[in-house]
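K.L.:
Those protein sequence lines, which keep their order, are chains A and B. Numbering-wise, the first sequence is residues 767 to 1071 according to my numbering. Numbering-wise, the second sequence is residues 207 to 424 according to my numbering.
These aren't lab readings, by the way, just hints derived from the structure by calculation. The C-beta atom is built at its ideal place from N, Cα and C for all residues, glycine as well. There's no promise every hint is true.
[Said to hold, decoys possible] Derived, one-sided and incomplete: chain A residues facing chain B with beta-carbon distance under 8 Å:
hint, residue
1, Val823
2, Asp826
3, Tyr854
Single-letter residue listing:
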Amino acid sequence: MTITRRATVQGLGIGALLPLAPRLALGQPTGILTRPIPSTGEPIPVVGLGTWITFNVGDDPVLMEECAAVMAAFFEGGGRMIDSSPMYSSSQPTIGYGLRKLGYPERLFSAEKVWISDAGQGGAQIEASRAYWGVDKFDLMQVHNLVSWEEHLPALLELKAAGQLRYVGITTSEGRRHREIERVMASQPIDFVQATYNILDREIEERILPLAREKGIAVIANRPFREGDLIRQIEDEPLPEWLAEAGARNWAQFLLKFIISHPAVTCVIPATTRVDHVRENLEAAGGILPHEKLRRRMIDYVEAL
Amino acid sequence: MSDWGTYTLADFLMFSPRVYFRLIERYNQEFWPLQLAFIAGALALLVPAALQVSRARIAVLPLFALAWAFCAWQFLWTRYASINWAMSYAAAVFFAQAGLLVLTALLPRSPTDAGGLRRHGGIGLAVCGLLAYPFIALVAGRSPATAETFGMMPDPTVATTFGAMLIVGQKRLWLLLPIPIVWCVYSGLTLWAMEDLGALAPFAAVLAMLVVLVVGRR
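Using the sequences and the hints, build the whole thing.
P.N.:
Below you can see the structure in the form of structure tokens.
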């Protein structure tokens, strides 16, 4: 797929280029880039918040406060989408704690997953997740790692039709079962697909991202930093002199800018336990984005490290 | 499934080392000084058992059953399961091991069993499990508050159990060994994924147990 600077700009709901009303209605700070969810046109900030590992803190009061502070900074900075799963142990109650503390911010876009092989238990699991979060209903419910998707997906679509969900999706990670993901994308009326995409793991560029554009499916990119390994691997390396051209001022933003500059990506969900990091991540959702030539240069630079 | 080949050890780790070791710290603080009581109780039985006092030997397995049940209830079920859903199953398995220890204690046994090497190896393992294991936290560069002790935490409980079974010359080891060995492998891999030096200890305990068993065979 060829990505031009123009396509990049058009693909983004950059504040100056789109009507501001929907975003201002959410009280969202200006300057943060959004992209429309193809099935409805609803704008969503291109940087969300993942919770795998980082929000699994048990009932540790100190760590729960830290997570709540991360959520506060996330919402203050204009973030909306928080993504979790029943697989993440205590991440769901931690989110619920933060949301209660913050008074359930109106701009929350709740993204959850159903993850159980016995499809008959899917409804009970979703209800348990809802109780942990303390929300009336989820915005997005995804079938986690395609577990029993043939049974779960019809049930989720029914819930959507009944108004108990707003969007339905499927997920995978680390390049697994992409052919099956493609089949689901091609045959099912899903709103979202979630898969791993970062500067080194770019397999979805070949088929999944083009298919998402063709079918009007929003894309959530997970593992932007390979669970932090990518940052740890390169953080001591010199930043490129042309860093500012990519609109970044550190490695994390460099990596995030690469992901969100692909026009088929709707949202990336970096996870963090630190307020300064969540602010840095959200900052990457503002300013300029690298164009195609620069994206190629970014790949070459990181691969050469 | 071919998918399994794409997983690494770290993919199965669903919490950070910081969260895990803080969990242990808070657990230790909550129960202090019960740790000392468990160690003292074990020594009070294992020393006479090692000296072949028969009444002490009879009481060893029930005490260890209590230690396994306490680990299952207070650590695995009540605390660890909050950050690792798989631990609710592990707790059930630990309770099963406690039951096996009680059952074995109730079964008739021959009066003398342990050969010299097995008994001495068992003493060494028990000493490591009871007195050396708590210092692994320091060796691994962690806070002493994360020290793992017999009866409170699974790994030293397993290591000391290995030693105790060798000391009392338990003949039904085939019944009592599988769960501790599987746990040691799981725990060692988990600590390895967290890049903690303590990962070597559970593997070393299993290896020492097996070596003593094989070499000390009569």
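K.L.:
Next, verify each hint and record whether it holds.
P.N.:
The hints, checked one at a time:
1. Look at A:Val823: its Cβ gets to within about 5 Å of chain B, closer than 8 Å, so that hint holds up.
2. Interface restraint check for A:Asp826: the shortest CB-CB distance to chain B comes to about 6 Å, inside 8 Å, so the restraint holds.
3. Against a cut-off of 8 Å between C-beta atoms, the interface hint on A:Tyr854 holds, since the closest Cβ of chain B lies about 7 Å away.
Comparing the model with each earlier hint shows no violations; every hint is respected.
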